[in-house]
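Spelled out, the chains give:
Protein chains: 2
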Amino acid sequence: MNGAEALIQTLHDCGVEVCFANPGTSEMQLVAAIDGQHGMRAVLALFEGVVTGAADGYGRMADKPAATLLHLGPGLGNGLANLHNARRAMSPVINLVGDHATYHLHYDAPLTSDAAGVARPMSDFVRISKSNRDLPHAGAEAFVAAQGYPGRIATVIVPADHAWDEGAGAVAPIAAPPAPQAPEAAVAEAAAALKAGTRTALFLGGRALREGALHAAGRVAAATGAKLICETFAARIQRGAGRVAVERLPYFGEMAAEFIKDYDTIIFAGAEPPVSFFAYPGKPSWLSPDGARLVRLATPREDPQAALAALADALGAPAEPAGVATPGTPPVEPGPLNPANLAAVVAKLLPENAIVSDESATLGGACFMFSAGSKRHDWLALTGGAIGQGLPLAVGCAVACPDRKVVALQADGSGMYTVQALWTMAREKLDVTTIILNNSSYAILNIELRRVGVANPGPKALSMLDLSNPSLDWVALAKGMGVPGVRVTTSEGLYDALSEALAAKGPRLIEAMFV
Amino acid sequence: MNGAEALIQTLHDCGVEVCFANPGTSEMQLVAAIDGQHGMRAVLALFEGVVTGAADGYGRMADKPAATLLHLGPGLGNGLANLHNARRAMSPVINLVGDHATYHLHYDAPLTSDAAGVARPMSDFVRISKSNRDLPHAGAEAFVAAQGYPGRIATVIVPADHAWDEGAGAVAPIAAPPAPQAPEAAVAEAAAALKAGTRTALFLGGRALREGALHAAGRVAAATGAKLICETFAARIQRGAGRVAVERLPYFGEMAAEFIKDYDTIIFAGAEPPVSFFAYPGKPSWLSPDGARLVRLATPREDPQAALAALADALGAPAEPAGVATPGTPPVEPGPLNPANLAAVVAKLLPENAIVSDESATLGGACFMFSAGSKRHDWLALTGGAIGQGLPLAVGCAVACPDRKVVALQADGSGMYTVQALWTMAREKLDVTTIILNNSSYAILNIELRRVGVANPGPKALSMLDLSNPSLDWVALAKGMGVPGVRVTTSEGLYDALSEALAAKGPRLIEAMFV
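Residue numbers (the working numbering), protein chains in the order written: chain A, -5 to 509; chain B, -5 to 509.
Chain A with its partners taken away, still in its complex shape (with noise of 0.2 Å):
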């Protein structure tokens, strides 16, 4: 076989399934190679963020990467941001990047660029084959590297050569290493300090916002009355009525270090301390109060659950939980569109298992806080802030969970980013139901000029925050693509088009107007 055939069966081998991919020349042979391999799946984005996105959101949810296929360097640089984002999400993800074929790239052709170069900044692990006979062993190494706990970037620049020279196997996969463990000194100190504090907070990140971290989470606070809270941005939250509810750290700093200003003591599991999102003139960047004991439990990179389980035990603490949420959302009051009936609606018509990909920035806010005691469910979060990343992740959950529904809650601003995603979904008829809060406007921005001290904008400036000249039509976005689509103005509009889409099988579009 050739070197492409022989990464791809080694990249099956080691249970890969799922290649997302916007390939070009240099990747034919590595498309024919997947052409042939039964058991991996093909999905075609028309840009690249929408590949590494979609890679992101199978990562969070199949806990196992996808692999990614681009175009050389310019490919891969369109899929930076969303690499960011998986990068930050620690997702498992293996990028296949085509490249020059060696003995072609000393001729610098239009195309020739650094690739490893391009790759870096985002990657955890980059991997340039030597030979068509080292590119499945790269491949293998790539995945041991993805699965580095919880997740990893891992990239692999694949020379047009290596791909099509005949002459290499697959080779075995290589075992990954399982999740390292919290010390137990962590334990203890974790123990002795929940003991001694008066008020305490268990700060939960990454992994530990699973159903069974969570369940020992609420444990410890049952046995100690600890406060449990999430990061802004979580990679996952498994949530819902019957499941131990954690509440979010408020975006902007100095709301996050008041929420946070009275604990003396806070354990961290899966996250590190917090830090403000953004620098502010005058304002702090680190957000934990002066004086707390700050108790690392678990790192991001270690199991939170075994960690809490044991920091449970160790308390005596009792076998169920505290703060399990209960069944109920807010009433939907009706009218115009607002955060608050938005959030209502979602809520209360989110079915069992659904997935949430909020993307929804400042008109979304509420909407998490409202499905606290919504059907189970889980939330994945804008992880790195590079925006654009709501659509394509909706992908990647879809491929991952055909039983499930994914519900994407997306601002028209960052939409646009990646809007190639609804292509996508109309493609391989995905389960996507994509609700776009159109204010027109880059919303956030307009806060933010303020709050690093730019007191009077003039008409200029504003204009770079607006998006209402002319006012994107989502509908018609949607359809150029191959979506259905319709527009609500008011919450009962809402209510009726969600629940038509979510009882209905494949992507749909709601363009819910704040305008």
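No lab work stands behind these hints, which were simulated from the structure alone. Be a bit skeptical, because a hint or two may be false.
The list makes no distinction among identical chains, and a pair is therefore deemed to hold if it is satisfied within one copy or across any two copies.
As the list claims (entries may be wrong) - As a list, the in silico DSS-like pairs of lysine-lysine whose alpha-carbon atoms are at most 25 Å apart:
hint, residue 1, residue 2
1, LYS423, LYS473
2, LYS124, LYS369
3, LYS423, LYS454
4, LYS221, LYS58
5, LYS423, LYS277
6, LYS124, LYS277
7, LYS58, LYS454
8, LYS189, LYS221
Following the hints, complete the assembly by docking chain B onto the known chain A.
Relative to the frame of chain A, chain B by itself:
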């Protein structure tokens, strides 16, 4: 003034008049500074690939840099592909990339990344500001770097605190050095080679394709009978009736090699000897005929017009050039659209002084050929092969040349990468007529798949090259972004729609169906 104000004032004093922008929180001070800077236009785009592609188009037409405004490493990442194209076009571009405040970086907040690392693969010059007072110096240096003949990509990383700290001042512009001249020995060698050769050619690229250089090349042709050939993907060719015409080297390597195989002498001005765009198994990368005498008269970074004029004089060439294109275009055949009648309509209707942004791929090849005798125009190609250039480039051309009609010949697959450009066209009321060539396919890849040796592609491989499921509806996409559109299926329909669009001012989209 603060650092941002000092930077923007400095760039303005250097002559920068336009900033293509997609800002975020860390760039709010720069937005405010641009707001206060009369004489600097701010053009918002909804995606960074539009920003950088527009700066490329502006640079090609204005021969001076626009600024871009980008949001940290991920925002720059989204702009890399078109920076790659701009770099290959040798366009002058200044990127201003906001970054976290220096003191905030070590907290590793979610958007933290190695912005300079992201910049380097696609920049000729990367400068990280050292302080608020250093920031304007960085800007002045970037302006000089961007003007490194004929143009370079200069990137300045702007930490937020350097932007907002008070106590900075604008600095004086630095004079850019003049264009380097080709050595006299090269002129003498070229003259001797042309006299000695029997079948000779001038191979022209870059600035050698401007009117003055072409005139000189035409004089050389008049004196020697040398054929005039241009690179396949040129940044900007000044052409049409009354100008010296050049024939374009074919795209596929074997056709290109065939095209030049009989020349015993090839003189290069503004271009390096051509190489195959991609490598293919068993096919050569180097295209020049074995044993031919290859003379580099002027490299792409030396003034080709002066060198060609000196060469013409050294040969005692007549004042009048050979090979001047005569007016006239092929007749338009009626009926369903095909590459020939598309080209005939475009060639016939192209208005005086039009600017053509050509990302027409497989369908548009004839457009270039048929328009040799059209009214005078500029023709801008996809220089770096990173698709998604065409629509952003048209934006930049229209901003640089508000009194000229811009025609974007845009293939469907590549158009989708940066489809957001349509919104900026609508917002700025840019005089761009976009013709989408819709064949519902990555048609080039259907050819390339076989060329790299995949003899019998299966359905999964073919589906990766197919855009028909679902078909894109570009009229709906354009409507979604505020651009009036119409779909045509015949040459008569195209003729009418294009006539109407060219007679009007402002953005229009024509979806030309080839299926």
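Checklist entry - Hint by hint, which ones does this structure get wrong, listed from lowest number up? => result Result: hints 2, 4 and 5 break, sorted rising.
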